[in-house]
Amino acid sequence: MAAQVNWGSGNSTISTPQVTGCVKTSKYNALNFLPMNLFEQFQRLANAYFLFLLFLQLIPQISSLAWYTTVVPLMVVLSITAVKDAIDDMVNWHSGIQGSLSCRIVTEKWMNVQVGDIIKLENNQIVTADILLLSSSEPYSLTYIETAELDGETNLKVKQAISVTSEMEDNLKLLSAFDGEVRCESPNNKLDKFTGILMYKGKNYLLNHDRLILRGCVIRNTDWCYGLVIFTGPDTKVMQNSGKSTFKRTHIDHLMNVLVLWIFLFLGSMCFLLAVGHYIWENNKGYYFQDYLPWEDYVTSSVFSATLIFWSYFIILNTMVPISLYVSVEIIRLGNSFYINWDQKMFYEPKNTPAQARTTTLNEELGQVKYVFSDKTGTLTQNIMIFNKCSINGMVYGMHVFLFSLSLGEILLCRLEKVDFSYNKLADPKFSFYDKTLVEAVKKGNHWVHLFFLSLSLCHTVISEEKVEGELVYQAQSPDEGALVTAARNFGFVFRSRTSETIMVVEMGKMRIYQLLAILDFNNVRKRMSVIVRTPENRILLFCKGADTILCKLLHPSCGSLKDITMDHLDDFASDGLRTLMVAYRELDSAFFQDWSKKHSEACLSLENRENKISIVYEEIERDLMLLGATAIEDKLQDGVPETILTLNKAKIKIWVLTGDKQETAVNIAYACNIFEDEMDEIFIVEGNNDETVGGELRYEGRTATNGGEREGQGRFCPKSFWGSLECRCVLVLQAHALEGNLELELLRTACMCKGVICCRMTPLQKAQVVELVKKYKKAVTLAIGDGANDVSMIKVAHIGVGISGQEGMQAMLNSDYAFSQFRYLQRLLLVHGRWSYNRMCKFLSYFFYKNFAFTLVHVWYAFYSGFSAQTVYDTWFITFYNLVYTSLPVLGLSLFDQDVNETWSLRFPELYEPGQHNLYFNKKEFVKCLLHGIYSSFVLFFIPMGTVYNSVRKDGKEISDYQSFSLIVQTSLLCVVTMQIALETTYWTMISHVFTWGSLGFYFCILFFLYSDGLCLFFPDTFQFLGVARNTLNLPQMWLSVVLSMILCMLPVVGYQFLKPLHPLPYPIRTKLKHTASRRSAYAFSHKQGFGALITSGKTMKAKLPKKNSFPYKR
Amino acid sequence: MTWSATARGAHQPDNTAFTQQRLPAWHPLLSAGIALPLFFCAGLAFIGLGLGLYYSSNGIKELAYDYTGDPGTGNCSVCAAAGQGRAPPPRCSCAWYFSLPELFQGPVYLYYELTNFYQNNRRYGVSRDDSQLSGLPSSLRHPVNECAPYQYSAAGLPIAPCGAIANSLFNDSFSLWHQRRPNGPYVEVPLDRTGIAWWTDYHVKFRNPPLVNGSLALAFRGTAPPPNWHRPVYELSPDPNNTGFINQDFVVWMRTAALPTFRKLYARIRQGNYSAGLPRGAYRVNITYNYPVRAFGGHKSLIFSSISWMGGKNPFLGIAYLLVGSLCILVGFVMLVVYIRYQDQNDDEEDDE
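Line order of the protein sequences matches chains A and B. The opening position of the first sequence corresponds to residue 1 in full-length UniProt numbering, with each subsequent residue numbered one higher. The opening position of the second sequence corresponds to residue 1 in full-length UniProt numbering, with each subsequent residue numbered one higher.
Just so you know, these hints were derived from the structure itself, not from any lab. Beta carbons are placed, not taken as given, at the ideal position from N, Cα and C, and that holds for glycine. Treat the hints with care, since some could be wrong.
What the hints assert, rightly or not - Pairs of lysine-lysine, DSSO-like flavour, derived with a Cα cap of 30 angstroms:
hint, chain 1, residue 1, chain 2, residue 2
1, B, 313, A, 955
2, A, 510, A, 467
3, A, 248, A, 510
4, A, 157, A, 652
5, A, 510, A, 157
6, B, 61, A, 955
7, A, 924, A, 775
8, B, 313, A, 285
9, A, 613, A, 662
As the list claims (entries may be wrong) - Covered by chain B, according to a simulated footprint, are these stretches of chain A (three or more residues, beta-carbon under 8 angstroms):
hint, region
10, 593 to 607
11, 944 to 952
12, 955 to 963
13, 1029 to 1042
Claimed, not checked - Partial pick of chain B residues on the chain A-facing surface, computed with a CB cut under 8 angstroms:
hint, residue
14, 30
15, 173
16, 198
17, 205
18, 257
19, 264
20, 265
Using the sequences plus the hints, can you model the full thing?
Below, the structure written as structure tokens:
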């Protein structure tokens, strides 16, 4: 392992950098936990503030409250947070271990792999470092990889080692003696570019992207390969692409910070006013009252006294910024995260994966999502292609019910029997088809059906592998192609093997060998592929399959009527969301073919403009085709995807599909899963390559949509929604390069008007850019959902990242905030858990602020009667315990158990989700309401007891207007009022809510008797001064009359408001019902790419045991 | 897959009502059918209660006299003028004459009322040492710092009781004389000066320090009385059960008031012929005028009051209950109107559809 890798361009000679793949995720150890954790906690503004308060309280001149009123809550808060941090850290520590896989001759964990190591990879392994391919088990050191994790494309790709290293094969001696030196570019995020030089035995070899296997790929169809590690860990291209992971905070967090700031300002101004009041009082009264209450020695003037009082009030009124706010919020989020983990309905049994809330800080944001950015492959689709229907010579075969099996056909499906393929020994047992008529047609020997399947079994670039006799394994470049060939195989046209010049097909049990004359390969412009074969009968046939739009122009005029019928069928297929291909053939004249063949080889050999010339030659022969039929392949969606998307749409959540895949495929899936509906008015496709064209397209579309609206009054596509935004019934399809210009805003404006948006050909970073764009300009909550490494960046950027787990790669999941294994769980996550979390959080915040305002502002009213002397209304112990003990459990109960509507209704009426998106339940306005309500309550809470005790006596003549009795009355009233308030807020009374709510009130009285008991007060007379107050005051009728009065006065407006509020119905958006005829659309989609045809004809991939150093002629 | 090795369903969450958020629950809805009757019932109940409270408060008799001595308000103005600007004010006494045309229904209680006196000022309120007052000898010698500047006397002796509250102890005294017949002799009406403090305060909270050789005076040796006091704390009363820290006037004073206007019980009239109340006739209250209040604009009054089942005269609760009851009914009506209108609207909408 002496290979040396130097990064950086040119002649830099840095010694091998030791970069490990392991990421340290755990922060603490047993020793540094306490100091580090405390240090971190005090970095939080709130905690630091309370520390500051504590110091203020220790200054005797201004201390208006005993020190323990702050210390006790602070200690509790700090220790709860510390415990939570410790648990979080332990979880992190475990996940650090989990990520590793094993491979290598000396089996080593991936985390230990270092730059410069040579490692062995085996079939179906996931690569977790960027590796320079040295040699492989396949001829010519080819290595097949699947890059679905990287770009979402599902086809196989080929990488080839350079010849020098490929000679080493699996000779360990040679490999371990390999002492080449690689100089290459420094780590970057370009997935499709790599430049480097290998210096080996004094020679320089150029390295390019084709030699590099990137992290996140999966090795396919290759028994083993050896590679040199170039980049590891964070330097790999994928990781470079995954963007920085930022600490996510929710909107509520931001709002909370703003509100806390507001409260500070309010607090400051309050203290200032009270200090002014104190100044006036000291001047008018305090000065003359000095006989009985002399000023302190250090107080020289009332101004100075007022300055001190400012701080004294600052201490007293600090409970407006409740210390337990942040910790309560964290507890609530934690609890609501656990509900997600525990949810059985988000547990996917086949893969044994429960849903996972990997962050516990974002819950309520789940109830506010407006934009969902979804990956396509592996997220919406299962990445499985199924031969579903076909049309042969004007006849449709294939079950129609099949597609609807999920919604209504579950029972129907059970009655359908799978077609029995037992007549065919080579059939793939996993293949299933539900229409017997097709098999019967095959068995009867229908000429067209036979020709159709023959063409499917010949016209492809699949490679077969037959390790055990009769067990064929197809290695297809795309799953579509695999599905077609497998279908042909099951119906009795088994593609068995190929060499570079022949194709062996078992036709209804008979072995026939076709001579492969040419492969006219696929590319994006041609959208078709053809093969030319010579049958054993010496006929020359051309089979062609391709997009209907292209192919129907190339048909022979004689099949006009058949074409019309087939096109009708294709429309049906397309509207079912199937991926269609047309199949045609042509019988060639031998002489004509010879002639063409010559032209073809000339074109192939030409040096200039070869591509162009070849395609012209191809076109010459691909005409006058005879239509055979059409195939329809189902890109199998994940279970329940269309229903989920329909539900999310009803909840006014916009779904954007961001995929690395091609436009056709993406659009097709969009139709299949209801993102696009057939009655959508218009599809805008932005395909321009530069700013100008893209801009033009956008402007045109914007005009079409909005002008249409003006013309027809109500709006043709874009009825104004209730919330004032335009809601169009049109969709937008974007290509990646639309993003490259400076048209962000224009693009976004158009995109956000549309109902659905699809972005194709996205690199991982571009996906993130799109999310970023929406985040930046739309103040809406975004959610990104994906399964592969290519989604990591957007998952990290979005407000909420959701990973689909249970797929092979763990990248997305490990970077996500929430993970589950089926897309359909998203609706439950958002509409049930998200909505509940949001509602609970909002209720919690409103109530929490309210109860603290009501609690604190009573001091302000009292100031007017106590000479602005920073006298508290309550007993200091009540202040200590109020937030921590007396009122914490009820509000926690509310925010952990409350449900305004149950899950069934949440899912049945997705419209209930909308208020969250518009942030209606807790915003600045709601906060002001809380403040006003708090002020009102505190007013009632002060003046009712004051009126009650004013000059009033007990029935034995002793006075009750003393300070301590007054305190007791006010604090009891306060607790009763806030308990009643929470009882009004609670809509879902579980046993636990009852216990928490009424239990806390009962507990208050118990504590009261304890704190005011003789024993405790005599033991610590200075700390517990309220001896006997409970006994003397709680038996007074006046007190209870006053408590009831305060309660009723505080409840009355709330009940009235709650009663009158639902009487104002939310205006529903005007629904314009416009009928649109479904436009004809082609469902052509094929996840296929040029590249295999040449390889096959070159013979590179042939497994025929040819001599290795054979000078097998192949064209470069 | 790492977890495919584990048994199927191994990671399945528990199916309990708690984890699945399906706890049985009561789901109350604030419907018109509940809210409206609630409002009306509550309103009626409150009005009833309010009427009762109002009348019982109105039935209580009060007789008050402001003896602050503002010029021209009676013979106490002499004392007030004499005490003006002199500290300590000279001993002075004045009297208040009044006559009752009919029986003042008993039991009658005598209160003094101070206004503009900020017993609830924070600095005033903390200026006491509760451990000293609970009889702890160590605190007797070392009063807490909160008592400053009444912590130590000028001579350096600890003040007992320390603090501003104790120092400002109300020291006017009253005696009541009854003239049964016109021009007849005035007979002193016995005032019961015990049992005016809270039972818990007198028996539990306030305690004298342990006696030294059976003498309270010795127990307080080495301490100084508060500067405003004329006599040490152990001489507040000759009655050994009413002197020192457990002197009832002192205990009452030490229970600081919540508001700047407050009443404190001075005595109960319940002995002899006066247990049923004060009979008709002329009365004289002899006032020993010691306590200066005019400096800070305060007033002091004397109040005779009778008591009902719910204490003294305080019309507040009655009026408040009446008001809130009416408010409930009013809001109930408003809600009813809105509700009916809304229902009509709803019906119309349903007809339209």
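Right, here's what the structure says about each hint:
Our distance criterion of 30 angstroms between C-alpha atoms is met by residue 313 of chain B and residue 955 of chain A, whose separation comes to about 11 angstroms. Note on residue 510 of chain A and residue 467 of chain A: the hinted pairing holds, with a Cα-Cα distance of about 21 angstroms set against a maximum of 30 angstroms. Of the pairs offered as hints, the one joining residue 248 of chain A and residue 510 of chain A is violated, with about 64 angstroms between alpha carbons and a cut-off of 30 angstroms exceeded. For the proposed pair residue 157 of chain A and residue 652 of chain A, the alpha carbon gap of about 39 angstroms is over 30 angstroms, so the pair is violated.
For a cut-off of 30 angstroms, the pair hint linking residue 510 of chain A to residue 157 of chain A is broken: about 33 angstroms separates their Cα positions. Of the pairs offered as hints, the one joining residue 61 of chain B and residue 955 of chain A holds, with about 14 angstroms between alpha carbons and a cut-off of 30 angstroms not exceeded. The straight-line distance between the Cα atoms of residue 924 of chain A and residue 775 of chain A is roughly 21 angstroms, inside the 30 angstroms bound, and the hint therefore holds. Annotation: proposed proximity of residue 313 of chain B to residue 285 of chain A holds, straight-line Cα distance about 29 angstroms (limit 30 angstroms).
For the proposed pair residue 613 of chain A and residue 662 of chain A, the alpha carbon gap of about 25 angstroms is at most 30 angstroms, so the pair holds. Under the rule that three or more residues need a Cβ within less than 8 angstroms of chain B, the assignment of the region 593 to 607 of chain A is violated, with 0 such residues. Proximity of the region 944 to 952 of chain A to chain B, defined as three or more residues with a beta carbon under 8 angstroms from a beta carbon of that chain, is established by the 8 residues found. Counting residues of the region 955 to 963 of chain A whose beta-carbon sits less than 8 angstroms from any beta-carbon of chain B gives 9, enough to reach three: the coverage restraint holds.
Counting residues of the region 1029 to 1042 of chain A whose CB lies closer than 8 angstroms to any CB of chain B gives 7, which reaches the minimum of 3, so the coverage claim holds. The interface hint given for residue 30 of chain B holds, since its Cβ lies 6 angstroms from the closest Cβ of chain A, which is under the 8 angstroms cut-off. With a least beta-carbon distance of about 19 angstroms to chain A, the hint placing residue 173 of chain B at the interface is violated under the 8 angstroms criterion. At about 6 angstroms, the closest approach between the beta carbon of residue 198 of chain B and any beta carbon in chain A falls short of 8 angstroms, and the interface hint on this residue holds.
Hint on residue 205 of chain B holds. Least Cβ distance to chain A is approximately 5 angstroms, under the 8 angstroms limit. This hint holds: residue 257 of chain B has a C-beta 6 angstroms from the nearest C-beta of chain A, less than the 8 angstroms allowed. Satisfaction of the interface hint for residue 264 of chain B is found here, the shortest Cβ-Cβ separation to chain A being roughly 6 angstroms, below the 8 angstroms cut-off. The interface hint given for residue 265 of chain B is met, as the beta carbon of that residue sits about 6 angstroms from the closest beta carbon of chain A, less than 8 angstroms.
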